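Each chain, letter by letter, is given below.
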Amino acid sequence: MGDDIKLDELDRRIVVATQAGLPLVAEPYQHIADELGTTAKEVMQRMRRMLESGIIRRIGAVPNHYTLGFRGNGMTVWDVPDEKVVEYGEKIGALDFVSHAYHRPRFLPEWRYNLFAMVHGTNRDELKHKIDAIAEMLGKDNRAHEVLFSTRILKKTGLRLIPGQKTVIRE
Amino acid sequence: MLAKVVNPEQLTELEKRLLNEYQHGLPLSATPFADMAQHLDTTEDVVLRALKEMQEQGMISRVGPVFKPKRAGASTLAALAVSPEKLASVAAYVSAFDEVNHNYERLHRLNLWFVVTAPNQQRVDEVLVEIEVYSGQPVLYLPLMKHFHIDLGFPLWC
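Here the protein sequences line up with chains S and H, keeping their order. Just remember that the working numbering sits 50 ahead of the position in the first sequence, which is counted from 1. Just remember that the working numbering sits 5 ahead of the position in the second sequence, which is counted from 1.
In case anyone wonders, no lab produced these hints; they're calculated from the structure. Please read all numbers here as calculations on a predicted model, not as lab measurements. All C-beta atoms in this analysis are idealised placements derived from N, C-alpha and C, irrespective of residue type, glycine included. Careful, some of the hints might be misleading.
Pair ranges (Cβ atoms, derived) [what the hints assert, rightly or not]:
#, chain 1, residue 1, chain 2, residue 2, range
1, H, P124, S, G189, 18 to 24 Å
2, S, R174, H, E26, 25 to 31 Å
3, S, F199, H, Q15, 23 to 29 Å
4, S, K206, H, P124, 45 to 51 Å
5, S, N192, H, D103, 36 to 42 Å
6, S, W161, H, D103, 23 to 29 Å
Using the sequences and the hints, build the whole thing.
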């Protein structure tokens, strides 16, 4: 996972053709192959390579959590000892109610937190219990934490590959 | 565009299984939906109709590959403390940059959180400086140092 691989022209065209979703037809890869003038086998092989190298994280149904009733979402930020940030990041990232966990630098004196985790629940009470569970897991190493609720999404656009643009995707 | 909320109790067993079991692992085979149908003990047609219906209702945004965010170039998370009277104007200014792909208002002294992505660090810095000049506030920049989560999707009712 995470090896640098270079995408060639056909790989990039496959990314562009599939990033908004596969067609919901019996043979979706054949459908993509027809659009790109190649074979379904070629499309599947290249997608498998991108999956194995981590460029594709997963292939499946992409749920809309908000529509499905997940209203209690919060960005939690934690101040943990720097030498333990990787250990705790991995533990928190493995929790099934955490969708993303990141190590980011502190920005002192305004910002003391070095670990970020997006926590999800159906409501704020449930969210609070989950955050308490993280705090308990960290014990004394939880020197401080906060929850930042989003009140408005002002802009959210996916990063899109543009056809013909040279791109190297790496860790 | 706000989708209406679906009550999880109203989902069919098939919809729940599709959501819980197929956020990853959609077969890379000639007929993936027929293969899924076999596993789910139903027919290809039923699986395809269920997925189309879920997509139309906004329960799923799509069925397909989820790509790792592009790491080429430079990017950073950034935050700004904006006074309530200036928030609308600063938020609009920030969102207007092509380099800004996420912009959230959050309940905190630092109330505007956004991500700046550009082909190189110099352009990221330029955007941050322009935002500092416009808002009159220092921007906190918090670039990613390490990403921990292995993204296999999200358990919904397991």
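Hint check results:
1. Here the CB-CB span from H:P124 to S:G189 is close to 43 Å, at odds with the stated 18 to 24 Å.
2. Checked against the hint of 25 to 31 Å, the C-beta distance between S:R174 and H:E26 comes to roughly 29 Å, which is consistent with it.
3. Between S:F199 and H:Q15 the C-beta distance comes to about 27 Å, which sits within the given range of 23 to 29 Å.
4. At roughly 21 Å, the beta carbons of S:K206 and H:P124 sit outside the given window of 45 to 51 Å.
5. For the pair S:N192 and H:D103, the supplied restraint of 36 to 42 Å holds, since their beta-carbon distance comes to about 38 Å.
6. Taking 23 to 29 Å as the suggested C-beta distance range, the pair S:W161 and H:D103 conforms, at roughly 26 Å.
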